[in-house]
Amino acid sequence: MTTAIDASTNPEVNGTGRERKLSTGSDLPYRVLLIVTAVLVGGLFLAFIGSIVQESIPGWRTVGWTFFTGTNWNYGAHIYGALPLIVGTVLTTGLALLLAVPVGFGTALAIVFLIPRRFQLIISSIVELLAVVPSIIYGVWGYLTIQPWLDATVQPWLASKTNGHFPFSGLGIGFGLMLGSLVLAVMILPTIAAISRDVVAAVPNEMIEGALSLGATKSQVLRKVVVPSSRSGLLGAVTLGTGRALGETIAMVVLLGGVNQTHPIPVSLFGTTGTLASEIANNFGNLSGAAGLGVLCCLALVLMVIIGLVNLSARVIVARNLRKFQQ
Amino acid sequence: MEITEQGNEASKQAQQAADSIPSMVEAIADKGPQTSIMSLRDVAVTFGSKVAVRDVSFDVGKNRVTSMIGPSGSGKTTLLRALNRLHDLTKGAKVTGSITLDDTDIYNGGIPTTLLRSRIGMVFQRPNPFPTMSIYENVASGLRFNGVKKKSIIDDAVEHSLKAAALWDAVENRLKVAGGTLSGGEQQRLCIARALAVEPEILLMDEPTSALDPVSTQHIEDLMSSLKEIVTIIIVTHNMQQAARVSDDCAFLLMGDDRAGELIEFATTEKIFTDPSDKRTLDYIQGRFG
Amino acid sequence: MTVIDAPRPTMTDDERRALIQSAARATYNRKVWMSRVFMVFLGLALIIALIPLLSIIRDVIGNGWRYVNWTFLSTPQAAEVSMFNQNAIGGISNAITGTLLIDAIATLIAIPISILMAISLYESSGRIMNAVRMYVEVMIGLPSILVGIFIYVVVVTPMGYRFTAFAGALALAMMMIPLMTIACESALRAVPETLTEAALALGAKPSRVMLRVVLPYAVPRMITGIMLSMSRAVGETAPILFIIGSSLVNSWKPLQPATSLPTMMFNYLFNSNYQSQKDACWGIALILIFAVFLLNLASRVIVARTQKGRS
Ligand SMILES: Nc1ncnc2c1ncn2[C@@H]1O[C@H](COP(=O)(O)OP(=O)(O)OP(=O)(O)O)[C@@H](O)[C@H]1O
Ligand SMILES: [Mg+2]
Numbered sequence: 000m001t002t003a004i005d006a007s008t009n010p011e012v013n014g015t016g017r018e019r020k021l022s023t024g025s026d027l028p029y030r031v032l033l034i035v036t037a038v039l040v041g042g043l044f045l046a047f048i049g050s051i052v053q054e055s056i057p058g059w060r061t062v063g064w065t066f067f068t069g070t071n072w073n074y075g076a077h078i079y080g081a082l083p084l085i086v087g088t089v090l091t092t093g094l095a096l097l098l099a100v101p102v103g104f105g106t107a108l109a110i111v112f113l114i115p116r117r118f119q120l121i122i123s124s125i126v127e128l129l130a131v132v133p134s135i136i137y138g139v140w141g142y143l144t145i146q147p148w149l150d151a152t153v154q155p156w157l158a159s160k161t162n163g164h165f166p167f168s169g170l171g172i173g174f175g176l177m178l179g180s181l182v183l184a185v186m187i188l189p190t191i192a193a194i195s196r197d198v199v200a201a202v203p204n205e206m207i208e209g210a211l212s213l214g215a216t217k218s219q220v221l222r223k224v225v226v227p228s229s230r231s232g233l234l235g236a237v238t239l240g241t242g243r244a245l246g247e248t249i250a251m252v253v254l255l256g257g258v259n260q261t262h263p264i265p266v267s268l269f270g271t272t273g274t275l276a277s278e279i280a281n282n283f284g285n286l287s288g289a290a291g292l293g294v295l296c297c298l299a300l301v302l303m304v305i306i307g308l309v310n311l312s313a314r315v316i317v318a319r320n321l322r323k324f325q326q
Numbered sequence: 000m001e002i003t004e005q006g007n008e009a010s011k012q013a014q015q016a017a018d019s020i021p022s023m024v025e026a027i028a029d030k031g032p033q034t035s036i037m038s039l040r041d042v043a044v045t046f047g048s049k050v051a052v053r054d055v056s057f058d059v060g061k062n063r064v065t066s067m068i069g070p071s072g073s074g075k076t077t078l079l080r081a082l083n084r085l086h087d088l089t090k091g092a093k094v095t096g097s098i099t100l101d102d103t104d105i106y107n108g109g110i111p112t113t114l115l116r117s118r119i120g121m122v123f124q125r126p127n128p129f130p131t132m133s134i135y136e137n138v139a140s141g142l143r144f145n146g147v148k149k150k151s152i153i154d155d156a157v158e159h160s161l162k163a164a165a166l167w168d169a170v171e172n173r174l175k176v177a178g179g180t181l182s183g184g185e186q187q188r189l190c191i192a193r194a195l196a197v198e199p200e201i202l203l204m205d206e207p208t209s210a211l212d213p214v215s216t217q218h219i220e221d222l223m224s225s226l227k228e229i230v231t232i233i234i235v236t237h238n239m240q241q242a243a244r245v246s247d248d249c250a251f252l253l254m255g256d257d258r259a260g261e262l263i264e265f266a267t268t269e270k271i272f273t274d275p276s277d278k279r280t281l282d283y284i285q286g287r288f289g
Numbered sequence: 000m001t002v003i004d005a006p007r008p009t010m011t012d013d014e015r016r017a018l019i020q021s022a023a024r025a026t027y028n029r030k031v032w033m034s035r036v037f038m039v040f041l042g043l044a045l046i047i048a049l050i051p052l053l054s055i056i057r058d059v060i061g062n063g064w065r066y067v068n069w070t071f072l073s074t075p076q077a078a079e080v081s082m083f084n085q086n087a088i089g090g091i092s093n094a095i096t097g098t099l100l101i102d103a104i105a106t107l108i109a110i111p112i113s114i115l116m117a118i119s120l121y122e123s124s125g126r127i128m129n130a131v132r133m134y135v136e137v138m139i140g141l142p143s144i145l146v147g148i149f150i151y152v153v154v155v156t157p158m159g160y161r162f163t164a165f166a167g168a169l170a171l172a173m174m175m176i177p178l179m180t181i182a183c184e185s186a187l188r189a190v191p192e193t194l195t196e197a198a199l200a201l202g203a204k205p206s207r208v209m210l211r212v213v214l215p216y217a218v219p220r221m222i223t224g225i226m227l228s229m230s231r232a233v234g235e236t237a238p239i240l241f242i243i244g245s246s247l248v249n250s251w252k253p254l255q256p257a258t259s260l261p262t263m264m265f266n267y268l269f270n271s272n273y274q275s276q277k278d279a280c281w282g283i284a285l286i287l288i289f290a291v292f293l294l295n296l297a298s299r300v301i302v303a304r305t306q307k308g309r310s
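Protein chains in written order, with numbering that gives the first Met the number 0: chain F, 0 to 326; chain L, 0 to 289; chain V, 0 to 310.
Quick caveat, the hints were computed from the structure, so don't treat them as lab data. This one's a predicted model, so the numbers in the text were calculated from it and none came from an experiment. Be aware that a few hints might be false.
Keeping only pairs whose Cα atoms sit at most 27 Å apart, straight-line, the calculated DSS-like set for lysine-lysine is [said to hold, decoys possible]:
(1) Lys-223(F) - Lys-162(L)
(2) Lys-175(L) - Lys-223(F)
(3) Lys-61(L) - Lys-90(L)
(4) Lys-149(L) - Lys-223(F)
(5) Lys-90(L) - Lys-307(V)
(6) Lys-223(F) - Lys-278(L)
(7) Lys-149(L) - Lys-175(L)
Which residues of chain F face chain V? A partial, calculated answer using Cβ under 7 Å [said to hold, decoys possible]:
(8) Leu-27
(9) Trp-59
(10) Ala-109
(11) Val-131
(12) Thr-144
(13) Trp-148
(14) Ile-249
(15) Leu-286
(16) Leu-300
By construction, the Cβ of each residue, glycine as well, lies at the ideal position given by its N, Cα and C atoms.
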C-alpha cells in the first residue's frame with residue numbers, strides 16, 4: 000500500500016542501488032548542509048533515547064532489582080514490581096497476534112487469489128483505510144461497542160460454560176485482558192493484512208504458472224510457492240504489527256481497566272491488567288513519589304528494549320534467510 | 000470450450016483426409032511412420048472480444064519435436080498455453096475448437112486439469128526455478144505436488160531427470176543449494192529437469208533459449224534431440240535457424256488482416272524450409288516479414 | 000544428499016512414467032479435497048476479518064453522522080456540563096482549532112528537515128549512512144508515548160511545566176520526521192538514473208542536479224509521502240496527551256495550552272461521567288476518520304495523476 004506503512008519492510012530502500020559519494024564535485028555548501036542535517040537529526044534521535052535513559056536513572060536507584068522480580072505494581076502506592084506489566088504487555092500482544100496473524104494472512108491470500116477481481120479493489124481499500132485509522136478510534140469502538148457486549152453476553156456465557164475455571168476465572172466486567180487483546184487484534188489486523196496482501200501479490204506470475212504446469216492445485220501453489228517466497232515480507236508485516244501492539248497506549252488505557260489499582264500478574268482473561276505503555280500514560284498526568292518520572296522512564300526503557308529485540312530478531316531471521324539462498 | 004457444428008464437421012473431414020492419405024507417402028516424406036499424440040482441430044483462442052489466434056489444425060507426432068514459428072504477436076505463446084490449459088486462469092480467455100491428447104479432449108474429455116498438466120509439462124521463456132527451494136527440492140517439487148512421497152522414488156527421479164537435462168554433473172555435489180544460484184542456462188536446464196521429473200508425455204517450451212547466451216542455447220538445443228526419445232516436444236521459437244536445427248515438424252503462424260493469428264502452414268520442417276507451399280511462408284523464411 | 004547411495008530401482012522409462020502417473024492419479028481426489036478445504040479456510044479468514052472492520056465503519060458512521068452539523072463543528076465545548084442538562088455538551092471547534100494549529104506547525108517543522116534528511120540519505124552511501132537509515136527506520140517503530148516523555152522532559156519541564164500547543168507540535172513533528180524521511184527518500188530513488196547520470200556526466204554539480212532534475216521529478220511522490228505521514232499524525236493521542244494541556248476556547252496561540260480532537264476524545268471517553276460526552280466520541284471519530292481518509296485519497300490521486308502523465 001503506502002510508503003508510510005511499508006517503508007520499514009521495503010527492501011528497495013535498504014538496497015545498495017546506487018553508489019554515489021557525498022564527495023562528488025566541488026559542491027561544498029551542499030555537502031555541508033547535508034552532513035549537518037544528518038548529524039542534527041541523528042543527534043536528535045540519540046538525544047531522545049539518551050534523555051529517557053538519563054531520566055530513568057533515579058528510577059533504577061529507587062526500584063533496584065525488585066523492578067524485574069516484584070509481582071505487584073501499584074504506582075500510587077509506590078509499589079514498583081514491573082513483572083505484571085511485562086507479562087501484561089507480552090500477553091496482550093501475544094493473544095492479539097494469535098488472532099490477527101492467521102486471519103491477516105488468510106485475508107491477504109483470499110483477496111489476491113480467491114475473490115473475484117471486481118471485489119478485490121473495494122475490499123483492499125477497506126483494509127487499507129482501516130490500517131490508517133488512528134488507534135484512539137479502535138479504543139472508542141472497543142469501549143462503546145465491544146465492552147458492553149463482552150460484559151453482558153460473552154463473558155457470562157463463557158463463565159457458565161467453564162464453571163469459572165482457567166482461563167475464565169473471576170468476575171468478568173468487560174474491561175480487561177480479553178477486551179484489550181481482542182481490540183488490539185482488530186487494530187493490527189488491517190496492517191498485517193494490507194502489507195501481506197502487497198507481499199503475496201508481488202510473487203511473480205511465472206512462479207505460479209511454473210507450479211501449475213507441474214500439476215499443482217491452487218492450494219499447493221499458495222502453500223508451497225507463494226507463501227514460502229514471500230516469507231520475509233510476511234515476517235515484516237508481523238513485526239510491524241507486533242511493534243504497534245507492544246507500544247499501543249491509549250486504547251490499552253481505556254480498555255484494560257483497573258486504573259489506579261494494584262496489578263498482580265494476570266491469571267484470567269477476565270482480569271484487568273496493565274501494559275508497560277498503558278501504565279506510563281495512566282500515571283503521567285499525576286506524577287507522584289520521589290522518583291515518579293524516573294520509574295515511568297524505567298518502564299519506557301524496558302518497552303524500548305523489548306521492541307528493539309523484536310525488530311532485531313526479525314532482521315536476523317531475514318538476513319539468515321537471504322544468506323541461506325545466496326551461498 | 001465450445002465446439003460449433005462446423006467445427007465438428009471440419010474436424011471430421013480433416014480426420015478423414017488425414018486417414019485417407021496413404022501412410023506410404025508420409026513414410027517416404029519423413030523416413031518413418033508416425034503416430035500422433037495430440038491433435039488440434041480448428042483451435043481458436045479469444046480474450047474477450049479479441050481473437051488472438053484461430054484456425055489452427057495440426058497433429059503433433061509422438062516423440063518428435065514440433066516447432067511453432069511466426070512473427071511477434073501471431074499467437075504462438077497463446078496457442079502453446081492453450082495446450083496445457085494455462086488460460087483457465089485468465090479472465091475472459093476462451094479456447095474453442097478441439098485439442099485431444101491420446102484421443103481424449105483435454106477441455107471436456109473429463110481429464111482433471113491438474114492431472115492433464117502433469118502429463119503436459121511446460122518450460123517458460125525466462126527460467127523460473129522456485130526461489131526458496133534447493134536444486135533438489137526444485138526438481139522434486141512436481142513429484143510432491145503429484146503425491147509421490149517415497150524418498151527412494153524421488154531421489155531416483157531427481158537424479159534421472161537431472162541427467163536427462165544434462166545438469167547432473169554440474170550440480171551433483173550441491174543439490175542442497177538454492178536453485179537461483181545457478182547460471183541462467185543452468186537454471187533453464189533445472190526447469191527442464193523439474194518438468195521432466197513428473198514424466199510428462201509432452202513438453203511445451205516457449206522460447207526456452209531467448210534469455211540465454213549462445214553456449215547455453217547450444218546446450219539446450221543438443222538436449223532436445225536426446226530428450227525426444229522420452230518426451231514429445233513442442234517448441235515456440237523466434238530463431239529460424241533453431242527451428243530448422245531442432246524440429247522435425249513446423250507450424251507457421253501469421254497475423255491475418257484483422258491482426259488475429261492464423262496457422263498458415265504445417266509440414267515437416269524440411270518442407271517448410273526448403274519447399275513451402277504458401278507464398279507467405281516463403282517470404283517469412285526469407286526474412287521478408289518483420 | 001544420498002542420492003548416489005540410494006537403492007536405485009532399475010526402471011525403464013515407461014515403467015517410471017507409469018509409476019509416477021499412477022501415483023498422481025491415486026492422490027488426485029485427496030489433493031483436490033485438500034485444496035477446497037484450504038480455500039474455504041481462506042474465505043473464512045476474510046469473513047472473520049471483515050466482520051469487525053465493517054462493524055467499526057458501521058458504528059462510526061451510524062452513531063457519528065448526527066454530530067456532523069455546523070453547530071457541533073463551530074461551537075467550542077461546554078465549559079461545564081450540567082447534571083440537569085447533560086446533552087448540552089457544546090461542540091468541538093476548540094479541538095478542531097487545536098488540531099489544525101498543532102498539525103500545521105508540526106508539518107511545517109517536519110517537512111524541511113525530512114526532505115533534507117532524505118536528500119542526504121539519497122546522496123550518500125556507505126556504512127555510516129546505512130546505519131543512520133536503519134536508525135531512522137527503527138524510529139518509525141518506536142511507541143509514540145516515548146516521544147511524549149521526551150518532549151515533556153526537554154520542552155515542557157524547562158519552560159516551567161507549561162503545557163503548550165507548540166510542545167505538542169514538536170512531538171508530532173518528531174513522529175513525522177522518520178516516516179517522511181523514508182517516504183521522501185524512496186521518492187528520490189524512484190527518479191530514473193538515466194536522468195541524473197546524463198547531467199552528472201556533463202559535469203553538473205550534484206546540488207544543481209538535485210534542484211533541477213531530481214527534486215522536480217520526485218515532488219509528487221514526496222507530497223504523497225508527506226500527506227500519508229500527516230494522516231498518521233492527525234490521530235496520534237499518546238504523545239500529546241500530557242504536554243498540550245487543554246483549552247476550552249478556540250485558541251490559535253502556539254504558546255498557550257490547546258485541546259486537539261484525539262485528546263478531547265480521550266477525555267470524553269475516559270474521564271467524563273456523562274454518557275452524552277462518551278457518545279459524542281463517535282462524532283469526533285467520524286470527523287477524524289474523514290480527515291485521514293481525505294489525506295489518503297488525495298495522496299492516491301496525486302500518485303495516479305503523475306503515473307498517468309509519465310507512462
Ligand atoms: N491475456 C491476454 N489478454 C488479451 N490479449 C492477449 C493476452 N495474451 C495475449 N494477448 C494478445 O494475443 C496476441 C498474441 O500474443 P502472443 O503472446 O501469443 O504472441 P506471440 O506470437 O507469442 O508473440 P511473441 O513472439 O512476441 O512472443 C497479441 O496480440 C496479444 O496482445
Ligand atoms: Mg510469445
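Inset, instruction - May I ask which of the numbered hints given earlier this structure violates, with the numbers listed in increasing order? - result: Going through the list in order, the structure violates hints 3, 6, 8, 9, 13, 15 and 16 and respects the others.
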